[in-house]
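Let's have the full structure, built from the sequences with the hints guiding it.
Chains as they are written, first to last, in the working numbering: chain Y, 1 to 102; chain Z, 1 to 167; chain S, 1 to 628; chain P, 1 to 495.
Just to be clear, a hint being listed does not mean it is correct.
Chain Y regions said to be covered by chain Z (calculated; three or more residues, Cβ under 8 Å) [unchecked claim]: (1) 4 to 16; (2) 27 to 34; (3) 66 to 72; (4) 75 to 87.
Keep in mind that the hints were calculated from the coordinates and are not lab data.
Here the structure is a predicted model, which is why all the values come from computation and not from measurement.
By construction, the Cβ of each residue, glycine as well, lies at the ideal position given by its N, Cα and C atoms.
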Amino acid sequence: MVPMENYLVLSGIIFSLGVYGVLARRNAVLVLMSVELMLNAVSLNFVAFSAYLDPDKATGIIFAVFVIAVAAAEVGLALAIVIRLFRNRSTANVDEAATMRW
Amino acid sequence: MTTEVLWWIFAVAIVAVSAGVVFARTVIHSAIFLILSLAGVGAMYLFLTIEFIALVQFLIYGGAVTVLILLALMLTRMGIAGRPEPTTGVQAPFGALVAAGLMATLIGVAVSTAWPGDLGQNAVAVSIENIGEQMFQNFGAPFMITAALLLVAFIGAIVIARQEDED
Amino acid sequence: MAEHAWILAAVPGIAFIVMAALGRNLPRQGDWLAVLCATSIFGLFFAVLANFLNLGGGAWPVLNSIEWTAIGDFKLNMGIAVDPITIVMLAVITTVALMVNIFSVGYMKGEPRYWWYFAVLQLFVASMLMLVLADNLLLLYVAWELVGLSSFLLIGHYWERRSAVEAAKKAFITTRVGDVGLLIGIILFWEATGTFNILDIIHYVEEGAIGDTRLFVTMMFILLGAMGKSAQLPFHVWLPDAMEGPTPVSALIHAATMVVAGVYLVARLLPVFEAAGALDVVLVIGLLTALFSGVVAFAQTDIKKVLAYSTVSQLGFMFVALGAGYASAGMFHLFTHAFFKALLFLGAGSVIIGTHHHQEMGQLGGLWRKMPITAGTFLIGSLALAGLFPLAGFWSKDEILHAVEGQGTFFFFLISIAAIMTAFYTARLFVRTFLGKPQDEEIASHTRETGPVMTLPLVFLAFMSIVAGFFIFHDFGSAFGFPGGFSEFVFLHYPHAFHVDWGLVGLSTALFVIGTFGGAWFYWNGRLDRSTVMAEWQPKVYEMVQRKFYFDDLYQFLIDRVVLGFSYLVSWFDRFAVNDTGVDGSATMTGYAGFLLKHLQTGRVPNYAMAIAAGVVALTLISLAVGS
Amino acid sequence: MRDFTLFIPEFIAISGAIAILAAELIWPKIRKDYLAYATAAGALGWLIAAIPYIGDTAGDFEGVLLTDDFTTYFRILAAGIVMAIALISAHYMRDRTSTAGEYYGLLLVAGTGMVLMAASRELLTAYMSLELLSFSLYILVGYFKRDRLSNEASLKYILLGAFSSAMLLYGISLIYGVTGTTSYEGIAEALAAREGGTDAATVVGIMLIVAGVGFKVSAAPFHMWAPDAYQGAPLPITAFLSTASKAAGFALILRLFTGALVVDAVEWRAVIAALAAITMTAGNLLAIQQTNLKRLVAYSSIGQVGYMLVAIAAIGYGDAATAESASSALLLHIVGYTVSTLALFTALTAHYNRTGDDSIAGLRGLAETQPFLALVITASLFSFAGLPFFAGFATKLLLFQASTTEGLLWLVGLAAANSFVSLYYYLMVMRQMYLFDPPEGQTRFRPSPLLGALAGLLLLGVLFIGVYPQPAFEATDRAASALFEVSASGLIRLP
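Rendered as structure tokens:
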């Protein structure tokens with residue numbers, strides 16, 4: 001049987017990879033994809049907890065459903081902004097959108 | 001036993017493709033790895049015997065989100081035009097350091113914490129009826145908020161992306 | 001009436017609002033309203049005084065307070081407390097304010113923003129009265145800030161002049177450093193006693209409600225506030241610069257009233273200082289200030305600057321008296337000093353107007369003939385300051401000497417030196433300004449005596465400088481209906497009836513004679529050779545004195561290097577180390593500013609995200625480490 | 001219980017939002033300032049509908065939302081802010097955009113999100129409400145989509161917002177794992193019933209939650225988005241960000257930390273105190289370096305967040321009575337800060353409508369060209385600096401007073417010293433207005449009567465709270481005590 005910790009470790013690894021992606025990648029779409037990885041890890045956490053510790057109320061599963069919904073909406077909105085950025089500046093690199101600083 | 005072996009194969013694969021998302025050289029490869037990673041996590045939900053959430057994962061993530069991302073990639077002509085510019089920023093080594101620290105912390109937390117409940121037991125199958133019942137009995141309010149949230153996101157995407165005469 | 005003494009503060013407060021709103025459009029820009037306001041509070045003060053004396057010692061302090069805000073156990077009361085210390089302060093403030101308002105009508109004639117000047121003057125009077133009437137530290141703090149604000153506005157009145165703006169800023173910032181201390185002290189009191197009420201706090205402290213160390217720390221913070229306002233070393237730097245303001249303002253705010261707020265505060269809380277064992281600190285600070293600024297006053301050539309350093313020095317004397325535990329001596333010197341120092345400043349103002357804006361001693365001299373009334377009254381003020389028997393300054397300085405006597409020979413010796421210096425620089429000031437031959441015939445030929453609107457306040461204050469000292473006598477006080485002399489009146493419960501100690505009188509007269517004649521000998525008849533000999537003999541020392549022992553340079557350096565440097569460091573860290581971690585190292589090596597800036601550009605999402613992630617990791621690691 | 005009557009005011013707000021969206025769809029040529037007035041009217045209706053709830057017994061909605069005086073307090077605050085922002089925007093948006101329906105609709109939605117954040121007592125609901133507010137703000141910040149700065153600001157905001165949301169969610173999942181529930185009461189009970197001390201998961205979970213909500217209220221080092229978002233956003237939205245967004249963040253923090261996490265106060269109080277110290281110092285020192293007004297306000301508001309966090313730390317350090325009075329003082333400070341900020345931005349918008357310059361130097365000589373606006377700006381800056389007779393003095397004083405507990409004296413001292421630093425850059429702004437001549441060709445002008453009246457009203461509010469804070473204090477005290485009635489009195493652990 002697979003113990004719960006395995007899921008948690010897996011989720012931690014995915015989450016950290018997502019964090020690395022946000023910190024390291026330049027393309028806005030890539031940054032978004034990294035955020036998706038992080039949210040995915042969160043969902044996995046919730047579902048694992050729910051399945052092992054709280055199967056009656058299933059709060060974690062419901063939470064995961066909502067997280068997925070929010071993630072989808074967030075991607076839609078963020079991509080619209082990225083496309084607008086591309087139209088304004090012909091780039092989708094986040095580090096080039098740095099007019100405002102200091 | 002076979003489940004366990006299968007689980008480990010999937011787990012390693014998920015880590016590999018997730019790493020692919022953040023390390024791949026071209027954007028389009030990253031996108032493909034992301035689809036694989038999302039699908040892999042969906043498979044994890046199947047291991048947990050919660051088919052409902054796996055279904056949601058495949059439908060919304062594997063379907064809608066990745067299509068959106070691919071669309072955006074096409075619209076911003078990244079990766080496809082194959083412009084030879086680095087997709088990894090100068091900050092990467094420091095990012096790796098911080099992410100490694102975080103990973104160590106999270107793994108440490110997962111392993112060292114004495115989680116409540118009997119850990120020897122397997123994941124309990126949660127029926128879709130139960131989920132539906134709980135969701136609409138106890139979480140009606142967030143459900144309504146989600147409706148407003150999706151409306152907002154919808155309006156926002158239109159407002160920000162739509163072409164106008166002046167464009 | 002005494003319980004309605006708040007009216008004293010309300011009248012100028014309303015006058016300020018009216019004048020700020022309408023001032024420009026009132027006839028004569030509203031100066032009559034200012035004088036009317038000052039006259040009425042002067043009159044009202046006597047009503048308060050009469051009522052206060054009528055009520056008699058048993059009814060003191062007269063209290064009156066209302067609930068300002070209250071939730072459950074948390075109550076904030078606002079009110080007034082009138083006791084003899086308050087009465088002394090009220091007397092000083094109302095009298096000097098009236099004189100200054102009248103004098104200003106002549107002095108400020110034709111100056112820019114005439115109406116605004118008078119409006120702010122009323123704001124100052126209102127907040128100063130509120131300060132001394134307040135029965136709780138919170139209201140006191142509010143008034144404390146407001147007098148600071150009006151002082152800031154008045155110092156910067158000629159804001160076309162850069163130096164005035166700088167001086168205003170300096171005064172505001174320097175005193176505000178002290179104010180932060182005061183606020184912290186007040187909060188600490190609150191934390192320990194749960195009240196802001198001054199009498200309650202004294203009561204709690206006497207019961208020993210606050211631990212020793214805590215009490216000492218609290219009092220140090222409070223003292224910080226008092227030192228900032230009263231220009232004690234090392235916060236004195238703002239007061240000489242504050243002379244950039246109109247001269248009547250210097251007389252009112254920077255000699256007679258606002259600067260003594262610190263003395264007032266210490267006197268008010270003296271039992272607490274005593275309980276905290278903090279009196280020695282007060283004594284040492286006062287002594288250092290008195291000596292230091294006495295020395296610096298020698299090397300000043302601007303009349304007002306000499307007076308400013310003299311004020312700092314006299315404030316030091318007051319602190320010495322308080323530090324020796326003799327609150328009545330400190331308050332008495334505050335009382336007499338207010339009259340003769342206001343007189344001297346207004347006299348200086350009269351000189352400035354009479355000579356058409358010249359205030360460098362090197363250009364003056366021989367004004368005695370041209371401006372007899374100014375010179376005469378200035379002489380009285382100088383002698384009072386130097387301590388001639390039986391003028392006001394003599395008696396109060398005598399009390400201070402008497403107070404320090406108990407603190408040991410060393411302190412007594414030092415304070416005597418300071419007293420000699422006072423007489424010395426006062427003599428120098430008077431001799432070089434009014435006696436001898438005019439240094440500049442051009443200026444002298446245009447000099448005229450000023451009009452009665454300016455000379456009459458001088459005469460009145462000169463009169464006060466002569467008689468104010470007599471309040472020390474039991475019989476003199478009783479004749480006016482006071483319960484005895486000054487000391488008995490101010491500290492009813494610790495009566496120590498004044499009796500003349502002829503030994504001290506002799507000593508103090510000797511100090512006066514040494515100082516005055518020494519000064520006169522040095523500077524007589526515009527002959528500067530004797531003093532230049534001194535300057536040439538030790539040029540380094542002279543320069544050090546003239547540069548005010550480099551205090552201002554030190555502060556400038558500190559502000560430039562340390563504060564701004566620290567701020568730059570933090571901002572550099574934020575921009576560079578946090579935002580731009582890992583910016584191409586070679587870029588920074590090149591050293592070309594433009595190239596560098598290009599690569600310094602931040603506003604990048606990854607850098608911001610890095611701050612968040614690193615912050616999270618740091619937080620978790622720290623709290624895990626702390627937890628285990 | 002599913003009692004929809006508990007949220008009538010919010011239904012009014014949402015209906016107003018939809019009506020405004022529809023109005024512009026049906027009648028695209030409608031004058032855009034009419035939409036602003038309609039929004040303000042909707043917000044007024046919202047506010048009036050909220051009044052009957054004052055003092056009402058706490059109403060529970062499915063155990064996830066609660067309408068008590070705390071919620072009602074934020075209802076009134078949100079409605080007031082939305083009303084003011086709509087009026088501030090009227091001319092500004094009319095002159096700059098051809099479609100404003102979404103803008104005004106989203107303002108109302110964002111306000112609703114803020115109320116729901118205050119009402120939530122369950123993590124999923126709280127998270128969804130937070131996202132409702134955030135999504136609206138992402139769009140509002142980037143509303144001038146062809147403006148490079150506005151677009152850049154919203155990009156930074158949404159990417160970093162999503163990033164920090166993920167952090168927050170991970171933290172929530174860990175807390176869920178430890179306690180098996182997401183309701184605040186359940187968490188408090190589970191944490192209290194735990195044996196053998198705190199485990200790593202709780203600590204890390206709390207830290208991640210701190211980071212997530214710290215981002216929302218822009219506490220250092222999670223603050224970096226704020227200056228950029230403030231600068232790029234339309235001017236009224238900058239005001240909205242610095243008032244509604246922060247107030248909502250603190251509403252959530254208060255409910256969560258007093259209701260659920262207070263049991264584990266030892267784990268987070270030192271961290272919050274450190275964050276408060278870093279935030280106020282960084283905000284105030286960086287503000288000195290600014291040349292752009294919006295960025296200056298951004299950093300100064302970060303400084304204010306530092307002061308507010310002192311109260312949260314005090315909740316962790318003090319006993320139950322301290323926690324209640326600190327919460328009450330925090331709510332009061334939020335009101336004072338909100339009114340001052342709105343007054344400042346009303347005046348700045350009137351100035352901007354005329355000059356189109358948002359640099360500090362752009363205020364040169366305002367005392368001469370428009371003394372009233374200069375007066376309003378001066379008053380609100382004095383209020384931020386905490387000078388007597390302005391709102392900031394009374395509220396900050398009560399805040400520091402209530403937060404003074406044994407372990408936090410150093411922090412209160414630091415906060416007092418920081419308010420001293422802050423005066424320096426406020427004076428720099430005032431210097432521009434009062435000491436310099438107006439730029440070439442700038443003549444005397446009158447602000448529009450609407451903005452003039454609004455600025456005057458808010459100025460009176462600043463002075464009123466400063467001189468007589470009693471009514472505001474009573475309201476906040478009521479709200480704070482409601483907060484503590486719910487969080488089961490016995491749970492506050494004495495240190």
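Checklist entry - Which numbered hints are broken by the structure, listed smallest first? => result none
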